[in-house]
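Chemist: Here the structure of chain A is known, so what remains is to put chain B in place on it, guided by the hints.
Sequences listed follow chains A and B, in order.
Counting from 1, one number per residue, gives the positions in the first sequence under this note's numbering.
Counting from 1001, one number per residue, gives the positions in the second sequence under this note's numbering.
The set of hints was computed from the structure by calculation and includes no laboratory data.
Take the hints with a grain of salt, since some may be wrong.
Unchecked claim - Taking beta-carbon pairs under 10 Å as the criterion, some of the chain B residues facing chain A (in silico):
#	residue
1	1164
2	1166
3	1167
4	1168
5	1169
6	1170
7	1171
8	1172
9	1173
10	1174
11	1175
12	1176
To be verified - Ranges of calculated distance between the beta carbons of each label pair, as one might list FRET restraints:
#	chain 1	residue 1	chain 2	residue 2	range
13	A	9	B	1061	55 to 63 Å
14	B	1020	A	36	56 to 64 Å
15	B	1179	A	7	32 to 40 Å
16	B	1101	A	214	46 to 54 Å
17	B	1187	A	166	20 to 28 Å
18	B	1179	A	174	46 to 54 Å
19	A	202	B	1188	35 to 43 Å
20	A	174	B	1102	50 to 58 Å
21	A	198	B	1264	39 to 47 Å
C-beta atoms are modelled at their ideal positions from N, C-alpha and C, and glycine is treated no differently.
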Amino acid sequence: MSILIDHVSRRFETFAAVNDLSLEVAEGELLALLGPSGSGKTTLLRLIAGLDFPDAGRILIGGRDATHLSAGERRIGFVFQHYALFRHMTVRQNIDFGMRVMPAARRPAMAERRARVERLLATVQLDGLGDRFPAQLSGGQRQRVALARALAIEPCVLLLDEPFGALDAAVRRDLRRWLRQLHDELPVTTIFVTHDQEEALEVADRIVVMNAGRIEQSGTPVEVEAAPATAFMYGFLGGASRFDVTVAAGRVSLAGRPLPPEAVELTAGVADGPATGFVRAHEFRLLPAGDPASLLDARVSHVVTHGGTARVELALGAGRTIEAELPRAAWESLALAPGAPVGLRPERVAVFPPG
Amino acid sequence: MPAATDGLGARLLIAAALLIALVTLVVPLALIFASAFAEGWAAYVANIMQPDTLHAVFLTVLTAVIVVPVNMVFGIATAWAVARYDFPGRKLMISLIEIPFSVSPIVAGTIYLFLYGQQGLLGPTLQSWGVQVMFSVPAIVLVSLFVTAPFVARELIPLMQAQGSEDEEAALSLGASPWQTFRLVTLPNIRWALLYGAVLTNARAMGEFGAVSVVSGSIRGQTNTLPLQIELLFNDFNVVGAFAAASTLALIAVATLVLKFLLERHAQ
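The following block holds chain A by itself, in its conformation from the complex (with noise of 0.2 Å):
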């Protein structure tokens, strides 16, 4: 179902975790939640759930005003990020326990309850582990147990809270892979929250980025790649090196160098005199020492090559330290070797107010 968050305010005591929100979620969507820690992303996710009530502003899920409803009545299947197992109940028992809750009018037959049991754990692939434990699963299985047990309910909007945050590299990407198939077969409106952006980037239709308790940046994953909105953003995304420029009437000028204004990108409201100014790691060309084409002169410190890229830590003088992305081809053929000296060329440089 869709889910309409409109001008949604939650304090504790003096801190604002979620400041006049206002968000939609369309049905079937695949929603991410972003943001650092502290963002208000885990409180946003718990107010829509029920398990937390707003101060302020209303709650929607499918056309219905939900603002006062509790957790049950919503009926929205929540995945914790410890997964809170039952850990005296076995996982059929896990996954059944929606449903012998359930008022007796409302209550599927115990034949209905077996198989649609029986059906969760083919999906979450658990077969033949219904009688085992929590303690006796790993922490992968536990997670889909904890799914497994949220959909059991047929939830009309599921949410997961750090899905994948205490699980280890390689199940988390099997896991994020499985989580979008899942997502697929079954179109159930889900948001899960994450401060891993990689995490949200594989596996989002669409991502909202948080920040001190309000939305910085929403879009899908391609639009949030590559047009970041905000000094946040540039910060948040990583790999982003950070410059003091001057402006001049709409001229923009780099330690003293006018930077071509065709590299410029100048965001509304940046006023004459100093401002902040962004580069991506992989929006820098790297020149040959002394080429004309040089803004900036830097020295290689470190070379890390991956797959088809090198990653390069290059010096800039006075301790500071800044990182390019190129191919790996380009890097090979520039013939430099750590401590080299190197010219460096922005060719997009993002502009906003100083701060």
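Modeler: Just chain B now, with coordinates in the frame of chain A:
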């Protein structure tokens, strides 16, 4: 893993520990049973079956049967409030729970005497309604409730804090009512600690002497619990009788230890 026990010093220390345990714990316990059976099985049974002693056993069991469930409910409620909610005075409440432990049982008894006694704060009012609390069974139950109040809460608070409320939130989001959540999720999660607390409550409720002796009035066959009866018999120079009664309490203590051991093993 325990360190190897080769050094002479280590052996001496272990021997000393065993010797002290033998002298201070095992010998007195054995002596209780030896003295109880000093005049043979028949005399032991006759002493136990003595009406006043039997009544004392009955009263002790009655007290425990009331006190243990009440304090289990109190303990769960307190632990729930402290572990699940943040409210003004929460820290103070955690300290308040400990008062019965930090105060001498005699003081506890005296407090109740001041509250409910004839010259006490509430005594005259209650008296005018025809209710006499002091020197009666309700007084014994009340002070027993007081001195054993902390046991269950103390076991549950750290456990419930460590477990957090995610399991309960999961149950609620799956549609369980608060009562279903408590019965199907909370209670099973805390059951061993709860039983352990109940066993300790029971042991203390049955064995309490100081507080009960102040408020019970020690009326033979009416308001005498087992510990008080033992003292009475002893003061009557009925050594076999005193030890026979004491042996029942000692048996309860041993059973408690076995239960405690089993529960602790189960809880791990």
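Chemist: Against this structure, judge whether each hint is valid.
Modeler: Verification of the supplied hints:
The restraint placing residue 1164/B at the interface with chain A holds, with a minimum CB-CB distance near 8 Å, inside the 10 Å limit. Interface restraint check: residue 1166/B against chain A, minimum CB-CB distance 4 Å, threshold 10 Å, status holds. At its closest, the beta carbon of residue 1167/B sits 5 Å from a beta carbon of chain A; the interface hint therefore holds under the 10 Å criterion. Hint status for residue 1168/B: holds, given a least beta-carbon distance of 9 Å to chain A, under 10 Å.
Interface restraint check: residue 1169/B against chain A, minimum CB-CB distance 5 Å, threshold 10 Å, status holds. A cut of 10 Å between beta carbons decides the hint on residue 1170/B: the least distance to chain A is about 4 Å, and the hint holds. The restraint placing residue 1171/B at the interface with chain A holds, with a minimum CB-CB distance near 7 Å, inside the 10 Å limit. Below 10 Å, beta-carbon pairs count as interface contacts, and residue 1172/B has one with chain A at about 5 Å; its hint therefore holds.
Given hint, residue 1173/B at the interface with chain A, holds; its Cβ is 4 Å from that chain's nearest Cβ, closer than 10 Å. Of the supplied interface hints, the one on residue 1174/B holds, with its beta-carbon coming within about 4 Å of a beta-carbon of chain A, less than 10 Å. Interface hint at residue 1175/B: satisfied, since its Cβ lies 4 Å from the closest Cβ of chain A, which is below the 10 Å cut-off. A cut of 10 Å between beta carbons decides the hint on residue 1176/B: the least distance to chain A is about 4 Å, and the hint holds.
Between residue 9/A and residue 1061/B the beta carbons are some 58 Å apart, a value that agrees with the proposed interval 55 to 63 Å. Hint check: residue 1020/B to residue 36/A, Cβ distance near 59 Å, so the stated range 56 to 64 Å holds. For the pair residue 1179/B and residue 7/A, the beta carbons lie near 35 Å from each other, so the given range of 32 to 40 Å is met. Range check, residue 1101/B to residue 214/A: about 50 Å between beta-carbon atoms, so the 46 to 54 Å window is met.
For the pair residue 1187/B and residue 166/A, the supplied restraint of 20 to 28 Å holds, since their beta-carbon distance comes to about 27 Å. Against the hinted window of 46 to 54 Å, the Cβ-Cβ separation of residue 1179/B and residue 174/A comes to about 39 Å, which falls outside the hint. At roughly 38 Å, the beta carbons of residue 202/A and residue 1188/B sit within the given window of 35 to 43 Å. Separation of residue 174/A from residue 1102/B is about 55 Å and conforms to the stated range, judged on CB atoms against 50 to 58 Å.
Checked against the hint of 39 to 47 Å, the C-beta distance between residue 198/A and residue 1264/B comes to roughly 46 Å, which is consistent with it.
Of the numbered hints listed earlier, the single one contradicted by the structure is hint 18.
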